[in-house]
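Here are the chains, one letter per residue:
There are 6 protein chains.
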Amino acid sequence: MAPALKEALLQVSSASAAGAMAKLGVRNVWIRGAMPMAGGGARTVGEAFTMRFLPAREDLVGPALAALPNSRAAVEAMEDGSIAVIETGGVTDAGVAGDVLCTRMARRGVTGLVTDGAVRDIAGIEQSGLPVWSRGTASPAPGNSLTFAGWGMPIACGGVTIFPGDVIIADRDGAVVIPQALVEHVAAEATEIERFDAWVVSKVEAGEALPGLYPPSAETRDRYARESRTESR
Amino acid sequence: MAPALKEALLQVSSASAAGAMAKLGVRNVWIRGAMPMAGGGARTVGEAFTMRFLPAREDLVGPALAALPNSRAAVEAMEDGSIAVIETGGVTDAGVAGDVLCTRMARRGVTGLVTDGAVRDIAGIEQSGLPVWSRGTASPAPGNSLTFAGWGMPIACGGVTIFPGDVIIADRDGAVVIPQALVEHVAAEATEIERFDAWVVSKVEAGEALPGLYPPSAETRDRYARESRTESR
Amino acid sequence: MAPALKEALLQVSSASAAGAMAKLGVRNVWIRGAMPMAGGGARTVGEAFTMRFLPAREDLVGPALAALPNSRAAVEAMEDGSIAVIETGGVTDAGVAGDVLCTRMARRGVTGLVTDGAVRDIAGIEQSGLPVWSRGTASPAPGNSLTFAGWGMPIACGGVTIFPGDVIIADRDGAVVIPQALVEHVAAEATEIERFDAWVVSKVEAGEALPGLYPPSAETRDRYARESRTESR
Amino acid sequence: MAPALKEALLQVSSASAAGAMAKLGVRNVWIRGAMPMAGGGARTVGEAFTMRFLPAREDLVGPALAALPNSRAAVEAMEDGSIAVIETGGVTDAGVAGDVLCTRMARRGVTGLVTDGAVRDIAGIEQSGLPVWSRGTASPAPGNSLTFAGWGMPIACGGVTIFPGDVIIADRDGAVVIPQALVEHVAAEATEIERFDAWVVSKVEAGEALPGLYPPSAETRDRYARESRTESR
Amino acid sequence: MAPALKEALLQVSSASAAGAMAKLGVRNVWIRGAMPMAGGGARTVGEAFTMRFLPAREDLVGPALAALPNSRAAVEAMEDGSIAVIETGGVTDAGVAGDVLCTRMARRGVTGLVTDGAVRDIAGIEQSGLPVWSRGTASPAPGNSLTFAGWGMPIACGGVTIFPGDVIIADRDGAVVIPQALVEHVAAEATEIERFDAWVVSKVEAGEALPGLYPPSAETRDRYARESRTESR
Amino acid sequence: MAPALKEALLQVSSASAAGAMAKLGVRNVWIRGAMPMAGGGARTVGEAFTMRFLPAREDLVGPALAALPNSRAAVEAMEDGSIAVIETGGVTDAGVAGDVLCTRMARRGVTGLVTDGAVRDIAGIEQSGLPVWSRGTASPAPGNSLTFAGWGMPIACGGVTIFPGDVIIADRDGAVVIPQALVEHVAAEATEIERFDAWVVSKVEAGEALPGLYPPSAETRDRYARESRTESR
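Residue numbers (the working numbering), protein chains in the order written: chain B, 1 to 233; chain L, 1 to 233; chain A, 1 to 233; chain D, 1 to 233; chain W, 1 to 233; chain U, 1 to 233.
Worth flagging that the hints you see were computed from the coordinates, not collected in a lab.
Among the hints, a few may not be true.
No copy labels: a pair is met if it fits in one copy or bridges any two.
[Said to hold, decoys possible] EDC-like cross-link-like pairs, simulated, lysine to aspartate or glutamate; straight-line CA separation at most 16 Å:
(1) Lys23 with Asp59
(2) Lys23 with Glu58
(3) Lys6 with Glu79
(4) Lys6 with Glu58
(5) Lys203 with Glu76
(6) Lys203 with Asp59
(7) Lys203 with Asp222
(8) Lys23 with Glu76
None of the values given here were measured: they were computed from a predicted structure.
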């Protein structure tokens, strides 16, 4: 992702990004259940590094388990500026990442972790500085109920499909995915939504009523065009 | 609602109000899922302004959608001191209100928003000053999964029936509805529950055991009557 | 529980305790839904004092109800240093304990309350100083939907079986049970897990990669043995 | 609804009707949870007569309850050939209709009952001959947990919005709503879907593979056009 | 239970029994999730023999497990004519009883099994002749996720509290509990409800409208009294 | 799978297979939610042909959709005697297969379809003769809420991990997976479980009590060994 594009997206909320996508008819983009768990929901933006966990199966131990991919190798494959997005199938009674993995991710320049499952050792995670969006915390390690299945494939996370390289914006409202092909369009459109939204709020704070103002009538559009021109001079 | 009545209710917790209603056999009054999301659960009291959302249906666009009532008009119909109570059927993957609507509600003197769904743009909502009780936040706008159906009708919110004009008390424990016909009785009874409760807690802090004290034996009742008489002199 | 054992357990996280039990094949130990509600998740350790609520049945009033055990008597049976663990069957629309009960528990030296249900009057509970792990708060009193069934029996809380005298560790990740017969072993093992974990995190912070380090290769084990020997001199 | 239109719809499955609407982008039409409970799922078609239940509130008794609309009056307002569609908010621990109401509905020419809740006295309902789609059966009467709120308004049933006069097709796969404005189009399109589907199945039974056949290539379309012309001669 | 009382209850539906209890304000009596799984829902009546399962804990094996009560001993304690009611906490991924236990129960004169969990080997259970109400079937044995905790205590089954000796009526609508102290009253009242209900249905079949008839006006009551007197001569 | 092995597995129930795996500590093998929907639960056995659906995303249309794998191609890759196992993430408001796909599967010698989602056009599926285990039926086609993601990868179906080539046994109790490496062992062990179970049931039918008999004491084991030797002569 070009730095300017990333910079632009860091200025727009996940709500505005969702709004920009809704205008294109792309609606199923909000990752259900992934809420700010570490980092206070300060906005992060990055390309999705996808990972998948499957339900634990008790025969997958020893050599059978060693033959499967593992989550530590996945972390070492993450690129600077990416966001780890982890599918669990909604399992919340084990934490898919703890202090060790999160510290290593932070060290590799990963800028966020988003999952429809839980994380563990939240105190340790906070010390790592890695911001996390999850469905909560849990004490047990993933092996209790999950088996790591691999990385870099399309996943379902919180009812949303995410392909590797799609872009994630996460903030206090949660996390949304922007399909790769739409990123530039969404960045531009969401920026404009933010700007118009701020203008509307300023009018409402000044006492104006909503009908005609929001959503805007033709007249309001003209007025906004005039006023925002003035402002940006 | 008379100012004195409102003032009295602001002094009692939602728990005491629920307790007062339980004594009348009215038990299904706590709005499941509506928890403090903005405003920190500082207590608010007001008459319910009811609103209803239905599931989105893709044919309801353009003129068909324009023919339906809309949420902006609803906001303009809200009265000073009322609390917006919004039924969503439990849909939490879209936010029924964002910064614009909440700023306008706050401007109109609305003293709270309670919903069994989600809100969006929580950072903007906090700036509006409107206190919110909801099941969380979500990035998408309501149109993603909900259609506004109208206001001023009886609704089901969080498993509880609310009629326009019923009274809402919301605080850190959540939000309860007081049926309009019971408000005066509940205010008086809950005030007494608060007073007795505080007296009991002071005794427990002083080291007394619970049996006989809470719930009170006849002897405890006498003692409480004596002591609270003394106190209020 | 011997003071030294309790002291040792206070130094280990619920995550490390769960990890120590997983090594024994004991995995179903994390109490689903019981999250920090009062006390900020500061760690507590104690022997479980079990209590059970059943669904309310409307014929259980008056003498029929008086013939059943009651929760106030239960509180008076709690011992100093114990943790109250309350089964509700997952009912969250009534609070199983409020300010009065929690104040009395704190007074009796109880060091925590853990439940798969809700608590009520959270503001009052915070004043009592009793730390609470629950599935949330609710305004109504338990009588609305629950009947107290007794104490001191094996219970199911959050999908986990707890016997009286089992040990509970609760912190920010939630609460886990340690079966009584395993407590000493788990304390020792979890202490070692904590120590190794801290060593690994220090290496990761210094820039080391995960493969070989975590989980440790034979070489890493040797290195850790060497370095931790040095450290403890 | 014109008799010929009804007749046409009786020849198409709810699956084909859903398929015809999906081609128009209208997708949220299948009433979740309403499955054949009486009548074996034999297909029925009719205009929706909407009814709504709200959660029971214990103060709504005596005169307060008598002042509300009631379900018996609703039944008397139903027209010959209509289908009763009942919103419960998903409450399944009380039956919204039993033998008396169903017998009367059948007598009035109602051709089906569809609900996202439960029905009661299923043996008596079967004797009435009224076909029912519901989420199951329950012994208790609605008063246990529901209050009747009225009829003839837009409702949410099983996650789908239904307006009075929309058309319902219910069969073994469940029940779908067809928005009133789309009924003629859907009837024609679904008829064609049925016809093409039957042709495809006949080819598959004869051993043809799917790629190119389904969904059809241009060549398959030509072939179908030719063969269906021949057939209908 | 006296034979005449049992005989009377076998003539009334679970719906009528629930209706009789609702008149007493006793509403939470229907066991959620327990639906006919073997025996086709043919009505059965008997005193509850309560059993409880807790979540499996992996340390409860060998001597620790042997020290706990077991379900085979429970079966040998069941009396002729009783109904086994089994609490599972809603666990449905293991079957609490299979062909061996059910065959033995049938042999001991047990007249039904009711559970909020699942059963296993449904084909074998059908051969045993024991009628079963459950939330489905599952292949795994209980040990997979449940531990037997004992019998003869108050239990929660499907959200309802059941004491040993309470009476169960189960039929096609599901299973309800009648508190022991209310059995005679409920039997008489439900019998009358059945009789009146049948009279109403006969009127509705003859073409009468509901208002005034059901629920009955004073006039309808008189008419019913007259006609039922005549009938019973 | 060797024909003799398949033949042996067709003689054992999914319950006995689950029992045999439980003895190895392999417990998470029952596919939650997949119940007999077509074919009446008559037993089927085969190697799993795995398929995965992801949540639908509205940008995946036209060329973007055409670039993804499709379910028709998957069907053409199925081998004679295999069982299609379809992951949906638990989505039940669209049917992953209908009459066309099922007819083609049956034609290709596929001996079952197992899914944690729904199927559509159940009447047409029954005519195809393909036995189906699913969480129900739904009218809409998969495109409404699901996107096909591919086949031949490890999947999670009903909370269970399934690798291509694992063996499925499905019957009236539901469907279990047998890990490929355990198939021979499980077939032998489950056969013995069936045999012993039948012997126990015959004793119970003859009036014997359970303690000592089931689970068997050493003495019972001897007796069974003696009697089953005699029988098999």
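Checking an output row: lysine 23 and glutamate 58, CA cutoff 16 Å. Within, between, both or neither? between (46 Å within a copy, 12 Å between copies)
How do lysine 6 and glutamate 58 come out at 16 Å by Cα distance, when the copy is not named: within, between, both, or neither? neither (43 Å within a copy, 24 Å between copies)
Within, between, both or neither: how does the pair lysine 203, aspartate 222 come out at a Cα-Cα threshold of 16 Å? The answer is within: 15 Å in one copy meets 16 Å, while 60 Å across copies does not.
Cα distance capped at 16 Å. Does lysine 6 pair with glutamate 79 within a copy, between copies, both, or neither? Only inside one copy: lysine 6 and glutamate 79 sit 15 Å apart there, 43 Å across copies, limit 16 Å.
Given a CA cutoff of 16 Å, do lysine 23 and aspartate 59 count as a within-copy pair, a between-copy pair, both, or neither? For lysine 23 and aspartate 59, only the inter-copy Cα distance (12 Å) is at most 16 Å; the intra-copy one is 48 Å.
Is it within a copy, between copies, both, or neither that the alpha carbon of lysine 23 lies no farther than 16 Å from that of glutamate 76? Answer is neither; intra-copy 37 Å and inter-copy 26 Å both fail.
Under a CA distance limit of 16 Å, which applies to lysine 203 and glutamate 76: within one copy, between copies, both, or neither? Only across copies: lysine 203 and glutamate 76 sit 15 Å apart there, 50 Å inside one copy, limit 16 Å.
I want to check one pair: lysine 203 and aspartate 59. Are their C-alpha atoms no more than 16 Å apart within a copy, between two copies, both, or neither? neither (63 Å within a copy, 33 Å between copies)
Of the hints listed earlier, those the structure fails to meet are numbers 4, 6 and 8, in rising order.
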